[in-house]
Amino acid sequence: MAVQEVKVLSAKYGIKDSRTLAVARAHGGYSQIEKAFAMEPAQIVEMVKASGLRGRGGAGFPTGMKWSFLPKGLDKPTYLCINSDESEPATFKDRQIIENDPHMLIEGIIITCWAINSHDAYIYIRGEFVHQAEMLNTAIDEAYAAGLLGEKACGKDFRVDITVHRGAGAYVCGEETALIESIEGKKGQPRSKPPFPAVVGLFQCPTIINNVQTIASVPYIIEHGAEGYRKFGTEKSAGTFLFGISGHVNKPGVYETELGVSMKGFIEDLAGGVWKNRKLKAVIPGGSSTPILLPKDVETCMLDYESIVEHGSMLGSGGLVVMDETVCMVKSLKNLLYFYHHESCGQCTPCREGTGWIYKIVSNIEAGKGKMSDLDLLLEIADNMEGKTVCVLSGAAAMPTRSYIQKFRHEFEEHIKLGKCPFAG
Amino acid sequence: MSKLITMNVDGQELQVEEGKNLIDALSAVGIHIPHFCYHPALGFDGNCRMCLVEVEGARGPQIACNTPVKEGMKVSLSSESSMNLRRKVLEFELINHPLDCPICDQAGECKLQDYYMEAGLSKSRMEVEKVAKEKNLDFGCGVVHDQERCVLCARCVRFLRKYTKTAELGIVNRCDKAKVTTFPEKPINNRYALNVVDICPVGAMTSRDFRFKQRVWFMSSEKSVCHGCAKGCSIYVDHNQEKYKAERVYRFRPRDNEQVHGYFMCDEGRLSYRKENENRLTTAKENGRFDTIDAATNQAVELLAAAKGKVVFIVSPSWTTEQMAVAKSLAAHYEGYLSGYADSYVVKGDGDDLLIKEDKAANRASLELLGISTDRQKLISNIKSAEVVVILNNNLALTTADEREFEALLAGKQVIAVASHRLAITESAQTVIPCASYTEYAGVVVNIDGILQEVTCAIEKECFARRPERVMAALSGNAVIAEIGAVRQQLSASVPALAQVDWNAIPENGLNLKGGAQ
Chain R
1 MAVQEVKVLS
11 AKYGIKDSRT
21 LAVARAHGGY
31 SQIEKAFAME
41 PAQIVEMVKA
51 SGLRGRGGAG
61 FPTGMKWSFL
71 PKGLDKPTYL
81 CINSDESEPA
91 TFKDRQIIEN
101 DPHMLIEGII
111 ITCWAINSHD
121 AYIYIRGEFV
131 HQAEMLNTAI
141 DEAYAAGLLG
151 EKACGKDFRV
161 DITVHRGAGA
171 YVCGEETALI
181 ESIEGKKGQP
191 RSKPPFPAVV
201 GLFQCPTIIN
211 NVQTIASVPY
221 IIEHGAEGYR
231 KFGTEKSAGT
241 FLFGISGHVN
251 KPGVYETELG
261 VSMKGFIEDL
271 AGGVWKNRKL
281 KAVIPGGSST
291 PILLPKDVET
301 CMLDYESIVE
311 HGSMLGSGGL
321 VVMDETVCMV
331 KSLKNLLYFY
341 HHESCGQCTP
351 CREGTGWIYK
361 IVSNIEAGKG
371 KMSDLDLLLE
381 IADNMEGKTV
391 CVLSGAAAMP
401 TRSYIQKFRH
411 EFEEHIKLGK
421 CPFAG
Chain D
426 MSKLITMNVD
436 GQELQVEEGK
446 NLIDALSAVG
456 IHIPHFCYHP
466 ALGFDGNCRM
476 CLVEVEGARG
486 PQIACNTPVK
496 EGMKVSLSSE
506 SSMNLRRKVL
516 EFELINHPLD
526 CPICDQAGEC
536 KLQDYYMEAG
546 LSKSRMEVEK
556 VAKEKNLDFG
566 CGVVHDQERC
576 VLCARCVRFL
586 RKYTKTAELG
596 IVNRCDKAKV
606 TTFPEKPINN
616 RYALNVVDIC
626 PVGAMTSRDF
636 RFKQRVWFMS
646 SEKSVCHGCA
656 KGCSIYVDHN
666 QEKYKAERVY
676 RFRPRDNEQV
686 HGYFMCDEGR
696 LSYRKENENR
706 LTTAKENGRF
716 DTIDAATNQA
726 VELLAAAKGK
736 VVFIVSPSWT
746 TEQMAVAKSL
756 AAHYEGYLSG
766 YADSYVVKGD
776 GDDLLIKEDK
786 AANRASLELL
796 GISTDRQKLI
806 SNIKSAEVVV
816 ILNNNLALTT
826 ADEREFEALL
836 AGKQVIAVAS
846 HRLAITESAQ
856 TVIPCASYTE
866 YAGVVVNIDG
876 ILQEVTCAIE
886 KECFARRPER
896 VMAALSGNAV
906 IAEIGAVRQQ
916 LSASVPALAQ
926 VDWNAIPENG
936 LNLKGGAQ
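Here the protein sequences come in this chain order: R and D.
Sequence positions in the first sequence follow our numbering and run 1 to 425.
Sequence positions in the second sequence follow our numbering and run 426 to 943.
Restricting the straight-line Cα-Cα distance to at most 27 Å, the calculated cross-link-like pairs of lysine-lysine (BS3-like) are:
1) R:K187 with D:K587
2) D:K939 with D:K648
3) D:K555 with R:K371
4) R:K76 with R:K186
5) R:K360 with D:K548
6) D:K499 with D:K428
7) R:K187 with D:K590
8) R:K193 with D:K602
9) R:K281 with R:K251
10) D:K558 with R:K186
11) R:K187 with D:K604
12) D:K602 with R:K186
13) R:K231 with R:K7
14) D:K555 with R:K417
15) R:K360 with R:K420
16) D:K555 with R:K187
17) R:K369 with D:K548
18) R:K407 with R:K369
19) R:K193 with D:K604
20) D:K735 with D:K838
21) R:K193 with D:K499
22) R:K369 with D:K558
23) R:K369 with D:K602
24) R:K193 with D:K445
25) D:K560 with R:K187
26) D:K555 with R:K420
27) R:K331 with R:K296
28) D:K558 with R:K360
29) D:K558 with R:K187
30) R:K369 with D:K555
31) D:K536 with D:K602
32) R:K76 with D:K587
33) D:K548 with D:K560
34) R:K186 with D:K587
Computed footprint of chain R on chain D, listed as stretches where at least three residues anywhere in the stretch have a Cβ under 8 Å from a Cβ of chain R:
35) 460-473
36) 593-601
Just so you know, these hints were derived from the structure itself, not from any lab.
Even glycine gets a Cβ: it sits at the ideal position worked out from N, Cα and C.
Kindly generate the complete structure, drawing on both the sequences and the hints.
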């Protein structure tokens, strides 16, 4: 059976003016507020826990569990941060929500604030999203004007204020503690954990940071309950996901499916298969930080957290990149490593120095100036970077390095033996 | 005293203080964990990753600087895997580090060098181009910065933010283009700037004053006390004697002392070592003409003997307690009046709330302990009725107004000046005898908080006879005792506050006369 799209988060995509409050409301926007406000906050947390919703930003941490980590009885306000930094290469799903249905996000924010007893939400949106920030602000202004936000959100004696904070062009600010630092006006450099943001976060107060897609999923859960959400997906990977697919396919784009569908089916049925009748060479499953998969892995892999882990990679941010037989893997890796080197915040030693080092070595190999010993050296450097740093950016650079060399070692060796790229003319 | 808990390091059980992080707790029991960015005065930053250690039961390696010790904690430092953690971080630190050792001031006291030797690393595996940055940058206040050597530990940035609260430095740029820099046209501008040179673990921050002057392994260090003001920060006096040259002091460095000043010292105090080498009084004068020290001393003895009962002695408020005691004996021997008048040593408004004190006298507290008067009116009236005035290294010319008034007072008197440096008074006095300065003698001083500390002799050569107590003994015709041991016995007997001092075991951090050592 062919892989089908579902319309949970993307229910309003394609409807004219779906960004506007009027159209959103006409199609069910803000319809769950009343129900949510009638529930106890603890009930909502339990419902989200039971639904199996996992963080859609990349780590896949159970959302309800994260919310329950908030300490009780502290004399401090709780903050909600929405991570709209979306800088993981190959990821472009959150912008779909902002461009097509920002009110679903706002509704999710209001419900989440109620659930975690927060009155202030900050949407951290990447600086490059100039138009998207405008769209977001327009939607928020509409919501304020209609009394959905403010001192008495949706008529309830409960204040919800949203601030849109624009980033300034740093991938590392998608890391939750770097995001917090950035909102506080400081350099976006990650903090050491512990303490975790749920206890000491924004302005030293308890803070929940969730991805745009995660929060946008909340209204559906309220409407249909945990069971309703679990109708989609698998036991451990419940719900739907906005997967993005790019690269050498006929129909690149964002498609919402339930979790657990066949990766091969997704590529062929929804994205139209590899373009130009070429052969599949490799697939990055969830953003450039995830280890690369070979065609044989794609055959048996499902698009859920567990299956991809079993195949040696991660679901991550669900950004698939399809590569055909003409791709030079060394050049591809060099391209990725340029990004990680450029984006390292520079705070801690292994990442700051390591990303530069591995980029330079792979560049040399790509130019035909590498040595055989470089390959094992690269693997060792990757091991020395991962797990030794303040945040996981070093791991994000190390994992692709390791997987490319492990799975395409012969191509690297070709470059070294030939003294040039075998794919070049 | 904090509660002690038991933990395990490399299979050995240890007792450490609860509440401390691993670096501090183990350092207190003599186990050193390599690190760059952690500093006890600045707190942890967690960016160098050098202190990564294996903790049993933890999720991955932990940074020792941010891991509090717990009862029953098991830490591995010497296992191959634990040592490899440090080797790998060190390798990363070194890949873009310039091969500057031959020209770098830090050589010999450089953490990178030290850890490299400890780790036993051999060849470099870095065969791609190193990142090039700027060198020899003038950051202001004599701080010179080298961006290539910098390991971006941010200690300098944190010092200027947390301690001086002036925040002149920051780190800009991402990845390995990150560099320490100042704001445009806003150099470092505070009185503690040179501390960044001390706390920089590598040669990225060097002192313009000390640059290229000495290799640290040629210098010897003595533990002493800064004489720049009444705070009396503990210091190391680094000195050396080069071939065919005179021995001299090359720099002062602060010595950690929780009881007195902490970890830092002010720039004026740090650079006051220069005064030990400049403007020194080296030749004696007799009857206004240059002559030998013996000749000058003989003349002084004659003058004093002839003026018994009509002599005034003015002693330096920075001399050691023992020297002040000998001055008392000297004054008594000639039935003279002894004053420690030093109002002019107080520079009003010059103190701050960090370390610098208004009072620039190093041992004023001892004047009080010994009951030496500092009254101005009494001094003036005594001078008026005296025939001979002996200046014992007291610099009356610290404030101009003072100088002119005292010049007039001393006009008709026989002035004997004993001084370590050339002062206005040594130009006008008839009898001048040079004496040693504080890096050339030993004794104790008491600071403004009542902490007694030892001053140690760094420069020995030719100076023994010129130690102030010896000069004073000679002036008394050797009637007065100048042997330090005997003088100290007398002090213990006559000064209640000093009665309990064990002179052979004065703690390195000093003795709190107001309540016992810490």
